[in-house]
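A.B. asks: Those protein sequence lines, which keep their order, are chains H and L. 191 is the number that numbering that gives the first Met the number 0 gives to position 192 of the first sequence; each next residue is one higher, with no gaps. 10 is the number that numbering that gives the first Met the number 0 gives to position 11 of the second sequence; each next residue is one higher, with no gaps.
Just so you know, the hints here were simulated from the structure itself, not pulled from any lab data. Just so you know, not all the hints are guaranteed correct.
With a straight-line Cα cutoff of 25 angstroms, these simulated DMTMM-like cross-link-like pairs (lysine to aspartate or glutamate) come out [unchecked claim]:
#1 H/Lys236 to H/Asp194
#2 H/Lys150 to L/Asp467
#3 H/Lys304 to L/Glu345
#4 H/Lys47 to H/Asp104
#5 H/Lys276 to H/Asp104
#6 L/Lys342 to H/Asp251
#7 L/Lys342 to H/Asp233
#8 H/Lys150 to L/Asp132
#9 H/Lys236 to L/Asp132
#10 H/Lys276 to L/Asp195
#11 H/Lys150 to L/Glu345
#12 L/Lys342 to H/Asp151
#13 H/Lys276 to H/Glu107
#14 H/Lys236 to L/Glu345
#15 H/Lys304 to H/Asp264
#16 L/Lys342 to H/Glu247
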Amino acid sequence: MANHSKAKTGKLAGLAALVVLIVVAAWGLRQTGSDGALVGEGDDYPDKPLSLTVAYGPGGATDLQARIAVEPAAEVLGQPIKVVNRPGAGGRVGWNWAVDSGGRDGYELIAYNLPHMIAQWTHEPSLSYNADNVVPVANWGADPAVLVVGKDSPFQTVADVVDYARAHPGELSVSGAGLYTGHHVAALQFQRAADVDINFLPAEQGGVQALQFVIGGQVQAGFNNLSDSWRNRDSLKILAVADTERSEFLPDVPTFQEAGVEVDDLSTNLRGVAVVKGVPEPHVERLAEKLPEVFRLEQVQTKLKNTGSGSLVLGLRETRELFERKTRAIKALLAQDDAP
Amino acid sequence: MEWFAHLAVVFEPLNLLILLLGVTGGLVLGAIPGVSPTLSVALLVPFTFHMAPTTGLILIGAVYASSIAGGAVSAILINVPGAPANIATTFDGHEMARQGRASEAMQYAFTSTLVGGVAGMLILIFLAPLFVDYVLRFGPAEMFWVAIVGITIMASLGTGSLLKGLFGGALGIWISTIGISPATGQSRFVFTHYLDGGIHIVVALIAFFAIPQVFRLLESRATVASQAVVSQASRLTTVVRNALGHRLAMGLGTLVGAIVGIIPGAGGQVASIIGYDQVRKLSRDNATFGHGDPRGVVASESANSAMVGPSLIPLLGLGVPGSPTCAVLLGGLLIHGIFPGPKLFETSGGVIWPFLGALLLAQVLIFFVGLQLSRLGHLVTRVSPAHLAAGILVLSVIGTYSIQNNLGDVYVMAGLGVLMYLGIKGGFQPAPVVLGVILGPIAEENFQMGRTLAGPSGSVLDYFTSGDIVQVLMALAVISLAYGMLAPIWRARRRPATSVGAGL
Chain H
0 MANHSKAKTG KLAGLAALVV LIVVAAWGLR QTGSDGALVG EGDDYPDKPL SLTVAYGPGG
60 ATDLQARIAV EPAAEVLGQP IKVVNRPGAG GRVGWNWAVD SGGRDGYELI AYNLPHMIAQ
120 WTHEPSLSYN ADNVVPVANW GADPAVLVVG KDSPFQTVAD VVDYARAHPG ELSVSGAGLY
180 TGHHVAALQF QRAADVDINF LPAEQGGVQA LQFVIGGQVQ AGFNNLSDSW RNRDSLKILA
240 VADTERSEFL PDVPTFQEAG VEVDDLSTNL RGVAVVKGVP EPHVERLAEK LPEVFRLEQV
300 QTKLKNTGSG SLVLGLRETR ELFERKTRAI KALLAQDDAP
Chain L
0 MEWFAHLAVV FEPLNLLILL LGVTGGLVLG AIPGVSPTLS VALLVPFTFH MAPTTGLILI
60 GAVYASSIAG GAVSAILINV PGAPANIATT FDGHEMARQG RASEAMQYAF TSTLVGGVAG
120 MLILIFLAPL FVDYVLRFGP AEMFWVAIVG ITIMASLGTG SLLKGLFGGA LGIWISTIGI
180 SPATGQSRFV FTHYLDGGIH IVVALIAFFA IPQVFRLLES RATVASQAVV SQASRLTTVV
240 RNALGHRLAM GLGTLVGAIV GIIPGAGGQV ASIIGYDQVR KLSRDNATFG HGDPRGVVAS
300 ESANSAMVGP SLIPLLGLGV PGSPTCAVLL GGLLIHGIFP GPKLFETSGG VIWPFLGALL
360 LAQVLIFFVG LQLSRLGHLV TRVSPAHLAA GILVLSVIGT YSIQNNLGDV YVMAGLGVLM
420 YLGIKGGFQP APVVLGVILG PIAEENFQMG RTLAGPSGSV LDYFTSGDIV QVLMALAVIS
480 LAYGMLAPIW RARRRPATSV GAGL
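Only chain H is shown next, with the shape it has when bound in the complex:
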């Protein structure tokens, strides 16, 4: 009997110890997460390593490009930039975290994806991040959307696709990487410009799955990244580029505008670095001066090209203009029909 109650106390003690351990361990992690709230005004910024929050998982296109882009940062900036992945809910987890809990001392950077990020905050005002608290700093990459169909598809031109969509309202199945992504924006613009109604399928697993559905014939067409489509050009037909001029990768493929459909470059997937509002202005300016230098390094440019993505290096002013222009255009697009 005595033995039994002894065992029970032991059990309770063990449980208590466990809870204490978890709390202590968690607290320790929290401490390391938000150290360095000191704002070092002056010339010595940055005097310690910086972090770049990527709101997608390790190994994805955004993560890979971010790692390539900031890898040699120490050579130019004097301090390295470490990539930290905070994936989840299509970027919402990482970007929310950055605005809610991230530091504002200039040592915590965010990797952005346009127009995805802007379309999200325009459509979902409940998100923490928005045009007022995300401060763009520099841009490194641009990947336009393209219209693709399967290799054996009867469609040869954009006009074929438009004709079919007109004759079969709501039936043409078109895949893309989720709602409010660049692909979805392109699809909305296409519907508007060609005055057709299509059946847009947001692929739950993102752009690669959307492309797989086009190759496998599960959908009739798709909007996808130029980079991924170009890599898979042997299994696809690329009908048009959603850009204002032709791509150097695909000199024979017309733009939508050339094909007679008024779709511009609003959907182009842009990637770069931003900070949260509140970072001292001199720090932002120093970053905006140095980061484009890092992105222009030959080693960065070569590796980015290997991933098949176009490079577009922009500084502070141009990136801000880009954000403002995209924000206005997305707002106009989504306001007209707040689709699905």
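With the hints as your guide, set chain L onto chain H.
C.D. replies: Chain L alone, transformed into the frame defined by chain H:
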């Protein structure tokens, strides 16, 4: 025979050294709960930036293959699968460890890895072109039924009761619905922002296996095994002969692993569970499964290793990564200027063959390094329970945090872990719940997409019931379900007197 010359590049001294380091490191990483193959490879890719393409890819290949095998170590020794692919290894592997046969279980696991892994790689190297078109036929309808077949297995999984298995599975599916949908932005059951991103499968894995194990150790105040049985199988020939003796388990596990591996999106997470389930159903005297039967370890580990090669078929043949790990591998290939796709072997043969050679040779090295590890295996089962519990707890917290650098995940892990511990007291098993967490999203996402695709033109029912692959999968689901329901009745008829208690 050009490829053979390329393959031989692996044997150059530097590459061989890299391969050995990769295999050893991968085994250790894989054995840490929370550090899944996906995470191991993702962490590694940036390190290969500065390496020559061949060397970088050899390292990536070695770590990919060995981290899957490494997951068996923790599954056997501490009942915590290193990754979802090792869940089924816990069923019999840890039971063997408790009986003092930890080293023997690990020997079985690594021999199965060798057989399954090599077979899978040979399928990739010689038969990949046959399957490439087949892979493309898996659309939303097919994937939906793959998930349903997996769900039917939940009922018969583990040693607990049928009803509790199903309930646990349903609970797992519910858990998988928590979070904000990445594709549409809808949020479900998000009552705290810690749940915004949903519950990551590896967080659930640690919570459901590691935390209850910590409680169990503290509660019983006993080491995993009361005494170690000195393994008779320490000689190489004996080890191999013992493992190969289980021909059905080895063959069927390998076959199932290879088939499931090819299917894009299913991945190795379910290959070992399906392999284990099939072997158990088709084996004679299957009452010992779940009570330390070596055939269980053989089935699970041969299946998850056989999955490695075929899982690369969609990636290398089409440029379409079939699993999260393959998506990370794609990044690793691209960075070295290699574009997977139909023309891969023409354009990049000089790099891709050494990569495949590394994967093949890695399976052999895993076997030998693994056998050395096996000798030490029994030591862990003799560590004092307090120390072992503390060790597991520390690894759990670190592993959980490292998945996505999210402190919320640690809280969620701790909370779910305590609930699972209470659930186990009530006769529930963790495996069906985890299976629910894995399969729920596959079923749901593909159902949603299928509904959108079927929407305007035809009926949803037609969409989900037409196509030959779909009909085969539907038949499999019915057979599996019927077996799950009828088998206990047959068993009861055959042996009316003995009633086996419901496990723990």
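A.B. asks: Decide, hint by hint, whether the structure agrees.
C.D. replies: Here is how each hint holds up against the structure:
| no. | hint | result |
| --- | --- | --- |
| 1 | H/Lys236 to H/Asp194 | holds, 23 angstroms |
| 2 | H/Lys150 to L/Asp467 | holds, 23 angstroms |
| 3 | H/Lys304 to L/Glu345 | holds, 21 angstroms |
| 4 | H/Lys47 to H/Asp104 | holds, 11 angstroms |
| 5 | H/Lys276 to H/Asp104 | holds, 10 angstroms |
| 6 | L/Lys342 to H/Asp251 | holds, 21 angstroms |
| 7 | L/Lys342 to H/Asp233 | holds, 8 angstroms |
| 8 | H/Lys150 to L/Asp132 | holds, 13 angstroms |
| 9 | H/Lys236 to L/Asp132 | holds, 18 angstroms |
| 10 | H/Lys276 to L/Asp195 | holds, 23 angstroms |
| 11 | H/Lys150 to L/Glu345 | holds, 20 angstroms |
| 12 | L/Lys342 to H/Asp151 | holds, 18 angstroms |
| 13 | H/Lys276 to H/Glu107 | holds, 11 angstroms |
| 14 | H/Lys236 to L/Glu345 | holds, 21 angstroms |
| 15 | H/Lys304 to H/Asp264 | holds, 20 angstroms |
| 16 | L/Lys342 to H/Glu247 | holds, 21 angstroms |
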